[in-house]
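Throw the hints in and build the complete structure from the sequences for me.
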Amino acid sequence: MPAAIGTGRQAVFAPLDDGAGRSEAVVRRLGSAIALGLIADGEQLPAESDLATSLGVATVTLREALSDLRRRGLVETRRGRGGGSFVRVFEPALTALTQRRVRELGSADLRELGEFHAAVAGTAARLAAERATAAEMERLVAAVDRYADATTNAARRRTEGRYYIEVAAAAQSVRLTRQEIELQSELAELQLFPPDTTGWATATLGRHRAVVAAVGDRDGTLARRLTEECIGLRTLAMIEVHLSLGPTPGDTLDGDADVSWSTAKGELDDEPSR
Amino acid sequence: MTSRAADPTRYAATAESLVERVFGAVGLLREQVLDCRSNALSRREQLQAKHFAELRPGLSALLHAHRDVVVGMGMVIAPGILRGERHRVEWWQLLPGRDQPSALRVDLNPESLGFYDCDSAEWFSVPRRTGRRHIVGPYVDALGTDRYLLTFTAPVVADGTFLGVVGADVPVARFERCLLPAWADRAGGMGNVGAGKVAPDVLIINSQGRVVVSNSARALSGELLTDESAVAGTVRLDLPDVPWQLLLSERLFHGVGRNQP
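In order, the protein sequences belong to chains A and B. Under the working numbering, the first residue of the first sequence carries the number 2, and numbering increases by one thereafter. Under the working numbering, the first residue of the second sequence carries the number 49, and numbering increases by one thereafter.
These are calculated hints, taken from the structure and not from any lab test. Check each hint, because a few of them may be wrong.
Said to hold, decoys possible - Computed footprint of chain B on chain A, listed as stretches where at least three residues anywhere in the stretch have a Cβ under 8 Å from a Cβ of chain B: (1) 106–117; (2) 156–163.
Unchecked claim - Residues from chain A that face chain B, not an exhaustive set, calculated with beta carbons under 8 Å: (3) E131; (4) R132; (5) T134; (6) A135; (7) I166; (8) A170; (9) Q173; (10) S174; (11) V175; (12) T178; (13) R179; (14) I182; (15) Q185; (16) A189.
Backbone N, C-alpha and C define an ideal beta-carbon position, used for all residues, glycine too.
Written as C-alpha cells, this is what we have:
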C-alpha cells in the first residue's frame, strides 16, 4: 500500500456532484482514477462504508458501483482475513469506460475542451521558449523520449500528460501548471486510440519533438503554433470518434470493450444517413 | 548616484546573510537527522520510518522561527535506506494562518500521471552527486507543492552512506519580500520606479541565467537574462558557495527574455 497520497488522489475520493446516475458516476470516477494510475494496480480500496461516506453516496449505491466494476474486471473482492476490494488495471475495460464517457459529452464539449487546452498549452509553450533553462530543456526532451518509449495506451496517456505538465512548469507559471494538471486528468479520461496506435503515436511524437525543437530555438511563436496545431488535430480525432460512436448510450459490457477506432469509423461508413 | 549605492558587495552581503540563514536552518535539521540515526543505532535498531517521527518537534520549531521566508522543510530519504521504500518524502509545510505544520503528500507511484520523480529532481540529484549544498530555482514545483520556489538542499551522509537530502522551500515571492526592502535601505530608497530612480538595477541570476530576484521591472523573477540583456558596465559578483551571481548596473538593463515583435 503506497504511503503517499498526491493531490490528484484527494479528488478521487471527494464527494460526487454531477447529475449522472449515482452508481454510474462512482464507476466513472473510480475508473478514471485507475486509468490515470492515481489508484495503483493491486491497491486496496477503503472499507465500503468509509468510501460511501467520502464520495457522498449511499452504501447501496456504492455496492452497485463496485459490482459493476467487478463485472468489468477492474475490482476484485477477496473474502476473509485481509480481504476487501482491490483494484485491477484492465485495459479493455478502461477503454470501454472512456468511450462511454466520450459518448455522454456533446461534440461542442470536446471542441471547447480542446480549445481551452490549446490556449493553456500554447501559451505555456511560448513562455517556455522564452524562459526554459538548459536543464529544463533536457527535461522536456526526456519527457518526449518517455512518450516515445511508451508501448501501452495507459503509458501513452500518462507520458503525454506529463510532457504537457513539464512544458507548463518550464514556462515558470504556477497557474498554467495547475491548469495543465487539471486538464490532463480530464483529457486522460477521454483519449481514444486508433487500432493503428503506433502510427498515431509516431505522428504525435513528431509533433512534440517539433515543439521541443522550437522551444530550444527560443522561437515562442512557432512553439505556440505547433502546440495549437497538435492539440487541434487530437481534438478533431476525438470528435470524429465521438460522432462515429453514435447517439445510443447503450452500454453493453461485452460489446463496447471491443469498439476500436476503425470499427467506430466503419459504423459511420455503414450509416451515411447519419 | 553615490558610490555607496553602486557598491555591489553591500547588496551581495544582504543576500548572503538571507541565504546563510536558510542554510543554517537546513544544517540544524541535518544535525537532528544524524542524531535520530545515532539514537536508533545505539538501540541496535535498523533505521525505520518511525525514527523520522522524532524530527517533527524540531522541524516545527525551525519552520516557526523562519516562517517569514521558509514555507516547508524536511528530508527526502534515498532509496534503499528504509526497507521496502524507493524514496521517502518526510516534508512539512507551515501554511499561512496555521500553527501546526502539515505533511506534504506526493504521489510516488511511477505509473501515475501525478508521479513526483525525486530521482530526476535537481534538488535531490545535485547534492547526491556533488556532496555539496545546492539551491534550485526559481522553478515550478509541479506535482509537489505546486509553488514557485527556491529549494535549498544539502546532502546527509553518515559513515560514507548517502541517506538523502535535507532542505527548505523558499517561495520566490517571500525571498523577494525579505530582500528588496533591505536592498532599498542600502541604496537609500525603494525600487527603481520611473523618474524617481534612486538605486542602480540590481539582480541575482542563477547558474542558468534565470533571474532569482531583481529590483527592476525590466528583469523579472523567472525570466532568462541573455548575454545581450546586460548593458556594458554591468558589475558581476559571484556569491560564495551558491550557484548565484549578483549583477549591478548604473544604467538600465534591457528588457530580458521577452519576445521582441
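Return the numbers of the hints above that this structure violates; sort them in rising order. Checked against the structure, the only hint that fails is number 1, while the rest are satisfied.
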